[in-house]
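K.L.:
Protein chains in written order, with my numbering: chain A, 1 to 112; chain B, 1 to 113.
Be aware that one or more of the hints could be misleading.
[Unchecked claim] Below are the DSBU-like pairs computed for lysine-lysine, each with C-alpha atoms no more than 35 angstroms apart in a straight line:
| id | chain 1 | residue 1 | chain 2 | residue 2 |
| --- | --- | --- | --- | --- |
| 1 | A | Lys99 | B | Lys13 |
| 2 | A | Lys70 | B | Lys13 |
| 3 | A | Lys2 | A | Lys67 |
| 4 | A | Lys2 | A | Lys56 |
[Unchecked claim] Residues from chain B that face chain A, not an exhaustive set, calculated with beta carbons under 10 angstroms:
| id | residue |
| --- | --- |
| 5 | Gly3 |
| 6 | Asn56 |
| 7 | Gln102 |
None of these hints come from the bench; they were simulated from the model. Just so you know, even glycine gets a beta-carbon here, dropped at the ideal spot from N, CA and C.
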Amino acid sequence: QKEVEQDPGPLSVPEGAIVSLNCTYSNSAFQYFMWYRQYSRKGPELLMYTYSSGNKEDGRFTAQVDKSSKYISLFIRDSQPSDSATYLCAMTPTGGGNKLTFGTGTQLKVEL
Amino acid sequence: EAGVTQSPTHLIKTRGQQATLRCSPISGHTSVYWYQQALGLGLQFLLWYDEGEERNRGNFPPRFSGRQFPNYSSELNVNALELEDSALYLCASSRATVNDEQFFGPGTRLTVL
Numbered sequence: 001q002k003e004v005e006q007d008p009g010p011l012s013v014p015e016g017a018i019v020s021l022n023c024t025y026s027n028s029a030f031q032y033f034m035w036y037r038q039y040s041r042k043g044p045e046l047l048m049y050t051y052s053s054g055n056k057e058d059g060r061f062t063a064q065v066d067k068s069s070k071y072i073s074l075f076i077r078d079s080q081p082s083d084s085a086t087y088l089c090a091m092t093p094t095g096g097g098n099k100l101t102f103g104t105g106t107q108l109k110v111e112l
Numbered sequence: 001e002a003g004v005t006q007s008p009t010h011l012i013k014t015r016g017q018q019a020t021l022r023c024s025p026i027s028g029h030t031s032v033y034w035y036q037q038a039l040g041l042g043l044q045f046l047l048w049y050d051e052g053e054e055r056n057r058g059n060f061p062p063r064f065s066g067r068q069f070p071n072y073s074s075e076l077n078v079n080a081l082e083l084e085d086s087a088l089y090l091c092a093s094s095r096a097t098v099n100d101e102q103f104f105g106p107g108t109r110l111t112v113l
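Based on the sequences and whatever the hints tell you, model everything.
P.N.:
This is how it looks when you write it as structure tokens:
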């Protein structure tokens with residue numbers, strides 16, 4: 001079993017929809033959680049970085065962490081065609097040598 | 001502010017050769033990380049360098065090695081290349097703080113024939 005599970009998609013939604021992307025993890029030592037966006041043939045771009053359980057909002061993006069359920073989510077409101085990309089969750093434990101463990105990524109397509 | 005830069009963009013080698021990949025971190029960042037993104041395997045942690053020292057290593061054989069220079073730039077060397085080393089190699093940088101945000105470069109696509 002992988003430490004981090006992420007539905008690979010592809011996920012196709014109409015423009016303006018609310019998108020929900022999710023990851024589950026098995027290692028309770030994970031304390032820091034990130035969401036990256038990766039366009040085709042580009043490097044990952046950091047979208048959200050969270051530590052505690054709860055919600056963090058930045059513009060159209062909301063990151064949610066539930067440590068008790070070992071479950072994190074990224075919500076995208078008013079989705080745009082430019083949001084079409086692969087979304088990667090990543091996490092690391094305290095004292096984990098700064099090693100990020102990634103999910104396999106969810107491919108999102110926002111259609112006009 | 002310039003982001004993480006990597007060179008070359010593409011690299012084609014044959015089995016058994018050596019490859020050298022280069023990375024320049026964001027100004028002010030002292031930590032550099034290397035990750036491998038192979039098809040079907042996702043992003044895998046390779047190495048972490050900080051202040052010129054190797055701080056952590058992922059589950060990769062010793063033929064993957066690197067170094068960090070006094071200006072905090074870094075090189076990744078892959079010896080005795082194998083076909084399965086074909087992948088996108090990504091460099092990231094962060095401030096020295098433990099568990100700080102990591103910002104990625106565009107990557108070097110290595111193809112081993």
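K.L.:
Hints numbered earlier in the text: which of these fail when held up against the supplied structure?
P.N.:
The structure conflicts with hint 2 only, although it agrees with all the remaining ones.
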